[in-house]
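Enquirer: Given next are the chains, with one letter for each unit.
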Amino acid sequence: DAGITQSPRHKVTETGTPVTLRCHQTENHRYMYWYRQDPGHGLRLIHYSYGVKDTDKGEVSDGYSVSRSKTEDFLLTLESATSSQTSVYFCAISGGNNQPQHFGDGTRLSIL
Amino acid sequence: GQQVMQIPQYQHVQEGEDFTTYCNSSTTLSNIQWYKQRPGGHPVFLIQLVKSGEVKKQKRLTFQFGEAKKNSSLHITATQTTDVGTYFCAGPEDNFNKFYFGSGTKLNVKP
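Taken in sequence, the protein lines are chains A and B.
Plus 1093 on top of the position in the first sequence (first one is 1) and you've got this note's numbering.
Plus 369 on top of the position in the second sequence (first one is 1) and you've got this note's numbering.
To be clear, the hints were calculated from the coordinates, so they are not data collected in a lab.
Check the hints yourself; a few may be wrong.
[What the hints assert, rightly or not] Ranges between beta-carbon positions, derived for each pair:
#, chain 1, residue 1, chain 2, residue 2, range
1, A, P1101, B, D387, 40 to 50 Å
2, A, S1160, B, V382, 20 to 30 Å
3, A, T1164, B, Y379, 37 to 47 Å
4, B, Q372, A, G1189, 44 to 54 Å
5, A, G1133, B, A437, 40 to 50 Å
6, B, V413, A, S1173, 43 to 53 Å
7, A, E1152, B, Y379, 19 to 29 Å
8, B, G385, A, T1108, 25 to 35 Å
9, B, Q378, A, T1098, 28 to 38 Å
10, A, T1119, B, T446, 32 to 42 Å
11, A, T1164, B, E386, 41 to 51 Å
12, A, S1173, B, G385, 27 to 37 Å
13, A, G1133, B, Q449, 24 to 34 Å
Every residue, glycine too, gets a C-beta built ideally from N, C-alpha and C.
Okay, chain B solo, but in the shape it has when bound (with noise of 0.2 Å):
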């Protein structure tokens, strides 16, 4: 079945270093999602990405659509205290109707 994975699982950095997290589909998706979810709370819309190559920055965040549609980045730039949280990627497969969100990369952030 569809698997979306995001590596790595946890990262912890100090203040003012960067972060990347990664997100592989096992199957083309139509588009992707990234979504926030601070410490108790809910999962928080961030942006979506449609066309295969599409790059998008929202102030020190960056994000990347694979050539493929089968994967994705989002990078952040100096990290803040106030990045602290759990990172998804997600999606609708291709064709289908079923949507599936990756495993998460929970970002720690020492200040």
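Looking at chain A on its own, in the form it has when it is part of the complex (with noise of 0.2 Å):
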């Protein structure tokens, strides 16, 4: 698998709290992307990365926040964490748009 790693791999927390979830890549792609997965509704994206400091929405942006302040590192912060963001949340890079991508082991965010 490509050098993904998410962090942390869980959390439980609560309404209303800061939330910040990690990706860091050793494989130097520009492209880095940022999904949630919850049943029945596949995978959304909710924002991505096409360069350090470069970012834009994905269709699920709102309650998010992003930064890419190091090639190898996507920061994704939930500012007020709410219950509806409570999924299992997916960080992804690729060389380019077009070509494929490759995902991290996933994070389980559970918000009480």
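Grab the two chains, each in its own frame, and use the hints to assemble them into the complex.
Expert: This is the structure we're talking about:
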């Protein structure tokens, strides 16, 4: 598998608290993506990045922000977590938007 | 907005039977990619098709990209229990940066 590490792998937190998920890659890929996966909805794109400090919104970006200060790290932040953000979050990387994506192992986030 | 739908949502087959999942996009895709996700795992890239009308095979799996580059299919011949998982189509919208995944087809194979 490609060198992608997501942390933490599991997290339980309370409504209203800030949460940051980290995606770290060792492949020097330009593109990085954050998805959430919920039953019945498949994979939905939250935000993506096409370079350092270059990010754009996906289809479900409300309530989420991202940052990419280095090629290897892409952070996803929930400023004030809500129960509707309970989900499995996947990070993916690719060399270009037309190229295959390689996924991390996911973060299971529960917001109580 | 862009939508990528897959049918069926679920498919239960007996081992040895064939299986097909269909993918339809509301807009033209520059390419189509297929991924497989095993239960509890992460999506894994299977194949990419780029050309209109393209057909590719991987052992028992046959992938097609439609002439209009808005639909695709994955056919598995003589399913095995190792084929169990959810199959997703995905692709970037033509001329845009957005990348979309289909809703997925969950395949269960009974031995």
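Enquirer: I want to verify a distance hint. Is the separation of the beta carbons of S1173(A) and G385(B) within 27 to 37 Å?
Expert: Violated: the Cβ-Cβ distance is about 52 Å, outside 27 to 37 Å.
Enquirer: Okay, P1101(A) versus D387(B) on CB: inside 40 to 50 Å?
Expert: At 41 Å between Cβs, range holds.
Enquirer: Quick check on a hinted range of 19 to 29 Å for E1152(A) and Y379(B), using CB atoms only.
Expert: Distance hint for E1152(A), Y379(B) holds at roughly 23 Å.
Enquirer: Using the C-beta atoms of Q372(B) and G1189(A), is the stated range 44 to 54 Å upheld?
Expert: At 23 Å between Cβs, range violated.
Enquirer: Just tell me: holds or violated, for the beta carbon distance of S1160(A) and V382(B) against 20 to 30 Å?
Expert: Since the Cβ atoms of S1160(A) and V382(B) sit about 45 Å apart, the hinted range of 20 to 30 Å is violated.
Enquirer: A range of 32 to 42 Å was offered for this pair. Does it hold for the Cβ distance of T1119(A) and T446(B)?
Expert: holds (37 Å)
Enquirer: Given the hint of 40 to 50 Å, is the C-beta distance from G1133(A) to A437(B) inside that range or not?
Expert: violated (28 Å)
Enquirer: Look at the Cβ atoms of T1164(A) and Y379(B) and judge whether their distance stays inside 37 to 47 Å.
Expert: holds (40 Å)
Enquirer: That 24 to 34 Å hint for G1133(A) and Q449(B) (C-beta), does it hold up?
Expert: holds (27 Å)
Enquirer: Kindly confirm whether 41 to 51 Å is satisfied by the beta carbon distance between T1164(A) and E386(B).
Expert: holds (46 Å)
Enquirer: Tell me if the beta carbons of V413(B) and S1173(A) are separated by a distance inside 43 to 53 Å.
Expert: violated (34 Å)
Enquirer: Honestly, do Q378(B) and T1098(A) meet the 28 to 38 Å range at C-beta?
Expert: For T1098(A) against Q378(B), whose Cβ atoms are near 32 Å apart, the range 28 to 38 Å holds.
Hints 2, 4, 5, 6, 8, 12 from the list above are not met by this structure, while the remaining hints are.
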